[in-house]
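Once you have looked at the hints, place chain B on chain S.
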Amino acid sequence: MTETRAVVIEREFAHPPEKLWRALTQPHLIEEWLMKNDFAPQVGHRFNLRGDWGGVLDCEVLEIEPPRTLAYTWNFANDDPAYALQSVVTFTLTPTPAGTHLRMEQEGFRPDQKQAFGGAHAGWKKFFEKLDAVLAQA
Amino acid sequence: MLPAKTAADAIFRTLADPTRRAIFERLCRQGEQTVGALTAQAGVSQPAVSKHLGVLKQAGLVRDRHEGRQTHYSARPGALAPLIDWTSQMAGFWENRFDDLEDLLKRMDQ
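Chain order of the listed sequences is S and B. If you use this note's numbering, the first sequence corresponds to residues 1 to 138, in order. If you use this note's numbering, the second sequence corresponds to residues 139 to 248, in order.
These are computed hints drawn from the structure, not numbers from a lab. Just so you know, even glycine gets a beta-carbon here, dropped at the ideal spot from N, CA and C. Treat the hints with care, as some may be off.
Said to hold, decoys possible - Ranges of calculated distance between the beta carbons of each label pair, as one might list FRET restraints:
#1 B:Gly174 - S:Thr94: 51 to 57 Å
#2 B:Ala148 - S:Gln86: 27 to 33 Å
#3 B:Ala148 - S:Gln26: 41 to 47 Å
#4 B:Glu170 - S:Asn78: 17 to 23 Å
#5 B:Asn234 - S:Val43: 27 to 33 Å
#6 S:Asp58 - B:Ser212: 19 to 25 Å
#7 S:Thr94 - B:Ala148: 41 to 47 Å
#8 B:Gly216 - S:Arg103: 25 to 31 Å
As the list claims (entries may be wrong) - Derived EDC-like pairs: lysine to aspartate or glutamate, alpha-carbon spacing no greater than 16 Å straight-line:
#9 B:Lys244 - S:Glu32
#10 S:Lys19 - S:Glu32
#11 S:Lys19 - B:Asp247
#12 S:Lys19 - S:Glu65
#13 B:Lys244 - S:Glu12
Only chain S is shown next, with the shape it has when bound in the complex (with noise of 0.2 Å):
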C-alpha cells in the first residue's frame, strides 16, 4: 500500500508575494510562525525544524521559485512506524487583486495511519484548549 492522503489549507493574506516569501524562506520569521529552524533557500539543503515540544523534524528543500512555490519533506523518525512519518509540504503563492493566497498542501501520509504525529504535536496546545469541552461531550 503506497497510496498517501493529503492535508490542504488555504489562506488569503492581504500581504503582497514577496513579503509572504521571506516569513517562508528566511529562519528568524521562519521561527515566529512556525518553528525553529536552520533552513537555506537552496534546493538540496537540508535542515531540521525544531518544535516547542521537542520533536525534531528532518527537512529537505526540493524546489523553491521565489516567489511563488516552495516544497521541502517533512519527516519525523521514530522507531515506532506508526509513529514515524514521512511527508512533502508543499507551499504556493499566488498574487491576487488583494494580496496572496496561500495554499499549503502537505502529503505522504500512509493510510493506515491514525496519528500523523510529527508536526501534530504543536496543535496539542489548541487541543488542550478543546479537551475540556470535549470531555463534557464524553
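Showing chain B alone in chain S's frame:
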C-alpha cells in the same frame, strides 16, 4: 496496541478527573517533573498525586524515570493520538500556524 475506540475510552475515563487532568496538562506543558514538584502545585497530598500518576501511567499517558531517590514523570507523546484523526489534527496545526503567519506579516509592516 488497543483498538482505537477502547484506547479512547480509557483516555476519557482517565482524564475525566479534574485533578488528574491538571497533572497531565502540567506534564504536557512543562515537561518532566518530580512527584514533589507536581504536589507543590496540585493542591492535594503527595500520596494522592502518586495515585493519580499511577492511573495516568496505566492508561499510557505518562511514563516514569527513576533517578536516585527521585521519580520523574513525563507525558507520553502521542498518548492522545487515538482521540484525533490525523487529517483534522494536521489541519488544525496548519490553521494555527497560518494565524501566527498573519500576525507576523502585520508586524513586518511596522
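Hints, verified against the model:
Distance hint check for Gly174 of chain B and Thr94 of chain S: the Cβ-Cβ separation is about 55 Å, which falls inside the suggested range of 51 to 57 Å. The hinted range of 27 to 33 Å is satisfied by Ala148 of chain B and Gln86 of chain S, whose Cβ atoms lie roughly 29 Å apart. With their beta carbons about 44 Å apart, Ala148 of chain B and Gln26 of chain S fall inside the hinted range of 41 to 47 Å. A beta carbon spacing of about 19 Å between Glu170 of chain B and Asn78 of chain S agrees with the range 17 to 23 Å that was offered as a hint.
Hint check: Asn234 of chain B to Val43 of chain S, Cβ distance near 28 Å, so the stated range 27 to 33 Å holds. Between Asp58 of chain S and Ser212 of chain B the C-beta distance comes to about 23 Å, which sits within the given range of 19 to 25 Å. As the Cβ distance of Thr94 of chain S to Ala148 of chain B is approximately 46 Å, the hint placing it in 41 to 47 Å holds. Between Gly216 of chain B and Arg103 of chain S the C-beta distance comes to about 28 Å, which sits within the given range of 25 to 31 Å.
With a C-alpha separation of about 12 Å, the suggested pair Lys244 of chain B and Glu32 of chain S falls inside the 16 Å cut-off, and the hint holds. For the suggested pair Lys19 of chain S and Glu32 of chain S, the alpha carbons sit about 14 Å apart, so the restraint of at most 16 Å is met. For the hint linking Lys19 of chain S to Asp247 of chain B, the alpha-carbon distance of about 10 Å falls within 16 Å, and the restraint holds. This hinted pair checks out: Lys19 of chain S and Glu65 of chain S have alpha carbons roughly 14 Å apart, not beyond 16 Å.
For a cut-off of 16 Å, the pair hint linking Lys244 of chain B to Glu12 of chain S stands: about 14 Å separates their Cα positions.
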